[in-house]
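Participant: So the chains spell out like this:
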Amino acid sequence: QKEVEQDPGPLSVPEGAIVSLNCTYSNSAFQYFMWYRQYSRKGPELLMYTYSSGNKEDGRFTAQVDKSSKYISLFIRDSQPSDSATYLCAMSRSGGSNYKLTFGKGTLLTVNP
Amino acid sequence: DGGITQSPKYLFRKEGQNVTLSCEQNLNHDAMYWYRQDPGQGLRLIYYSQIVNDFQKGDIAEGYSVSREKKESFPLTVTSAQKNPTAFYLCASQGGGVGPNGYTFGSGTRLTVV
Chain A
7 QKEVEQDPGP LSVPEGAIVS LNCTYSNSAF QYFMWYRQYS RKGPELLMYT
57 YSSGNKEDGR FTAQVDKSSK YISLFIRDSQ PSDSATYLCA MSRSGGSNYK
107 LTFGKGTLLT VNP
Chain B
4 DGGITQSPKY LFRKEGQNVT LSCEQNLNHD AMYWYRQDPG QGLRLIYYSQ
54 IVNDFQKGDI AEGYSVSREK KESFPLTVTS AQKNPTAFYL CASQGGGVGP
104 NGYTFGSGTR LTVV
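Top line first, the protein sequences correspond to chains A and B. Residue 92 in this note's numbering sits at position 86 of the first sequence, with consecutive numbering throughout. Residue 112 in this note's numbering sits at position 109 of the second sequence, with consecutive numbering throughout.
The shape of chain A in the complex, shown without the other chains (with noise of 0.2 Å):
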């Protein structure tokens, strides 16, 4: 069984609608969870990350981690075309300086205007 598991997709959907990424993982030891935001052709950003379990909003964008379960969440609200991107989960054991992270497959995301 992979660290990471998330479904690759692609995933498309119109103009507004509410988006659901997510991503589940077999290591307790993760602490940190993040999402991360690629175009195409560019690298990664950091678009949310959650400490422990626990929700966290940002706009439109909400992520939820559910440590009992293994799995975490990220909710897009109205999503626009220019949210159209890869979706890649990671995640982590600590927190502090020099860790290595543990990527999810990503879901290729298109929002049709």
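Derived by calculation from the structure, the hints in this document are not laboratory data. Hints should not be assumed to be uniformly reliable.
As the list claims (entries may be wrong) - Derived lysine-lysine pairs resembling DSSO-like cross-links, with alpha carbons at most 30 Å apart:
hint	chain 1	residue 1	chain 2	residue 2
1	A	48	B	60
2	B	12	B	74
3	B	60	B	17
4	A	76	B	60
5	A	106	B	73
6	B	73	B	12
7	A	62	A	76
8	A	48	B	86
9	B	74	A	48
10	B	60	B	86
11	B	86	A	8
Add chain B to chain A, keeping to what the hints say.
Facilitator: The following block gives chain B in isolation, referenced to the frame of chain A:
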């Protein structure tokens, strides 16, 4: 502006050749990483370095080599021993920020074997 610079953006390699990908950062970060990204595969760790003159293998180090002679630079050499080198290569650095905020990616190098 502070950041990570990867060069070149596109690179073509003939069979049997070694090629070196450049990664430079001016963020004063201690740790640097190289990832490989294939379609539908996410990012996989090749090598990482936590301090100058020291580096460790990641999950897929075979066929690659690195050096860390300066804090700012972490070049990756793709050797002829790497049987399937065509991929998108990403360099990252980490330090200074709490948790993931201190982790920064470059814009990548796309390597193609011709």
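Participant: Hint by hint, note whether the structure agrees.
Facilitator: Against the structure, the hints:
no.	hint	result
1	48/A x 60/B	holds (25 Å)
2	12/B x 74/B	holds (22 Å)
3	60/B x 17/B	holds (25 Å)
4	76/A x 60/B	holds (28 Å)
5	106/A x 73/B	holds (21 Å)
6	73/B x 12/B	holds (22 Å)
7	62/A x 76/A	holds (17 Å)
8	48/A x 86/B	holds (25 Å)
9	74/B x 48/A	holds (24 Å)
10	60/B x 86/B	holds (18 Å)
11	86/B x 8/A	holds (23 Å)
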